[in-house]
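Residue numbers (numbering that gives the first Met the number 0), protein chains in the order written: chain R, 0 to 434; chain V, 0 to 162.
Rather than coming from a laboratory, the hints here were simulated on the basis of the structure. The C-beta atom is built at its ideal place from N, Cα and C for all residues, glycine as well. Incorrect hints may have been included.
Ranges between beta-carbon positions, derived for each pair [said to hold, decoys possible]:
(1) R:G400 x V:G123: 41 to 47 Å
(2) R:D367 x V:Y84: 35 to 41 Å
(3) R:Q417 x V:P43: 52 to 58 Å
(4) V:S63 x R:K224: 25 to 31 Å
(5) R:E415 x V:G123: 52 to 58 Å
(6) R:F378 x V:E160: 35 to 41 Å
(7) R:E202 x V:C148: 41 to 47 Å
(8) R:H281 x V:S63: 33 to 39 Å
(9) R:G377 x V:V125: 36 to 42 Å
Once the Cα atoms are required to be at most 20 Å apart in a straight line, the calculated SDA-like pairs of lysine to any residue come out as [stated by the list, open to error]:
(10) R:K404 x V:E97
(11) R:K404 x V:V142
(12) R:K224 x V:D144
(13) R:K224 x V:T88
(14) R:K224 x V:P126
(15) R:K224 x V:V158
(16) R:K224 x V:V142
(17) R:K404 x V:D144
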Amino acid sequence: MKRLIKRFFELLFIICFIMMTVPVYAQVIVNVAGGNFNPVLVAVTDFLSGDDMGPKISSVVAADLERSGLFSPLEKEAFLERITNPDIQPRFNDWQRIGAQGLITGRVTQEMDGRLRVEFRLWDIYGSKQLEGRQFYATQGSWRRVAHIIADAVYQKMTGENGYFDTRIVFVDETGPRNARIKRLAIIDQDGENLHYLSNGEEMILTPRFSPTSQEVTYMAFTDKIPRVYLQQIEGAQRELVGAFPNMTIAPRFSPDGQKIIMSFLQDNGSANIYTMDLRSHTTTRLTSTLAIDTAASYSPNGDRIVFESDRGGRQQIYVMSANGSNQQRISFGDGSYSTPVWSPRGDYIAFTKLSEGQFSIGIMRPDGSGERLLTSGFHNEGPTWAPNGRVIMFFRQNPGQGPKIYTVDVTGRNERQLLTPNDASDPAWSPLLD
Amino acid sequence: MSLFQMIIRSPVAITFFLLLILAGCAADNKGLDNSSQSRFSTQPGTLQDFTANIGDRIFFDLNSSSIRLDAQQTLARQAQWLKHYPQYTITIEGHADERGTREYNLALGQRRAVTTRDYLISQGVVPDRMRTISYGKERPVIVCDDISCWSQNRRAVTVIERQ
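Only chain R is shown next, with the shape it has when bound in the complex (with noise of 0.2 Å):
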């Protein structure tokens, strides 16, 4: 099966790296990728447990890995063998008869010490052998981060590339009338569970990102009369002003190495520039000079550049530049506006919010700007986070006449699915993979 499952994703890489050399094919591959797209079909077993915990984490992975999209849960009516001992060798034929091509089982037991250990095994149906086997220690409350740990070693295992699934969501939360809202800064699991809050909404709070650790964020808040950058611990809530600045200063975020937080100065006469501050020496960098409005500064991986969007050539485009602020070129040149863009962890891609006729795009071009693609359109989608791996996007979009939800599509435009949040919710950050 392996090797099935190889050859499947060495098509989908193939497709991929067609799409990466001849962009103008792009469209007509993806479409015929989308028409051909078949999941990854798997058996997700009870873990075996002597209460509930066993089938509650594999409830978890198993809805993980059919929430990526590239793989479908088989019903657990249609097993035909029941796993009593997970140490040894499962039924392949079994497995083979209803389509699994992939097995997970497992089993949950509880150390003196109170702790869970947490063991699964990953088979392989049609290579009749074990992928993948490996245990965990954990406490009782951290049983879902357990499952979704063992989510991404079975993407990892089978699609050769690192999962997204123990990561965290840091977004705004939105209540009351929309000329009125109350925006309060909340963290939730990627797959909508354990939501959390970080403010009170006395004040208001946008655009929040993650550092490279996920242990703060960095947000504009609307505290006093100057709305500034704020830097805050996720745990401890404590929180300083990133710079004591007499304008306004908006749209942070931090460098890969987490020593500086990049953002926009308001300056006195009307434009926006961008600034880089050193949060050890506190110096701060000026990085572009124009009269225009320089704003959605964001790094590429390894820092050496930054993509932003700029209107000093009339209208919003996207721009990249030098981690210095030397050597700033255009990229964007197709019609309508670019804003908001941000580079994929893995450094091919760079996504974007795209205003064109009136539809609001999420689209992805390479650093270079070729290769555009637009993922999803519609009256109004905004503000790309990526998933830690590079394939999945996260955005807000506002139907009219409701407020904004969280969505996630991934980048071949395929399997767009709702973030379920409690309320309203806009301006999504993707954390890195958990530690």
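Take the given structure of chain R and dock chain V to it, following the hints.
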């Protein structure tokens, strides 16, 4: 000149007067609330006088921060009033419509607030009395997901601070 005459003469005032009637649903409208309570009996030099008789806001074209001709008239009246009542300081709030991205709209709102401030300076208002703030697209005054509302939300509002 009575309020009625003013409304008849000025298209801006007509728009504004209609706004007063329509904007009962708006929350970001301290000035409007004040004025609608007492729009037929305002004391000169009061906040109600400013919002009802002078006009506390100007509107902008799409993606633009240029002061339109109708806005120039409003700002000229604001400057006159502010010079006549030097006890007040003001905050100029810049706003954008919802048909833009968040970061850009914050900067665009600031650009609108700054051009408004600079116009008032050119009309003789002392810069020290004014500060600016941008709310981007976060505080629309009217919500209807329609072009008629968006144009009302592209605005700069002169907020009089009490002493």
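Against the structure, the hints come out as follows:
no., hint, in the structure
1, R:G400 x V:G123: 41 to 47 Å, "45 Å, holds"
2, R:D367 x V:Y84: 35 to 41 Å, "58 Å, violated"
3, R:Q417 x V:P43: 52 to 58 Å, "55 Å, holds"
4, V:S63 x R:K224: 25 to 31 Å, "26 Å, holds"
5, R:E415 x V:G123: 52 to 58 Å, "56 Å, holds"
6, R:F378 x V:E160: 35 to 41 Å, "38 Å, holds"
7, R:E202 x V:C148: 41 to 47 Å, "26 Å, violated"
8, R:H281 x V:S63: 33 to 39 Å, "37 Å, holds"
9, R:G377 x V:V125: 36 to 42 Å, "48 Å, violated"
10, R:K404 x V:E97, "15 Å, holds"
11, R:K404 x V:V142, "18 Å, holds"
12, R:K224 x V:D144, "29 Å, violated"
13, R:K224 x V:T88, "14 Å, holds"
14, R:K224 x V:P126, "17 Å, holds"
15, R:K224 x V:V158, "13 Å, holds"
16, R:K224 x V:V142, "25 Å, violated"
17, R:K404 x V:D144, "16 Å, holds"
The structure shown violates the earlier hints numbered 2, 7, 9, 12, 16.
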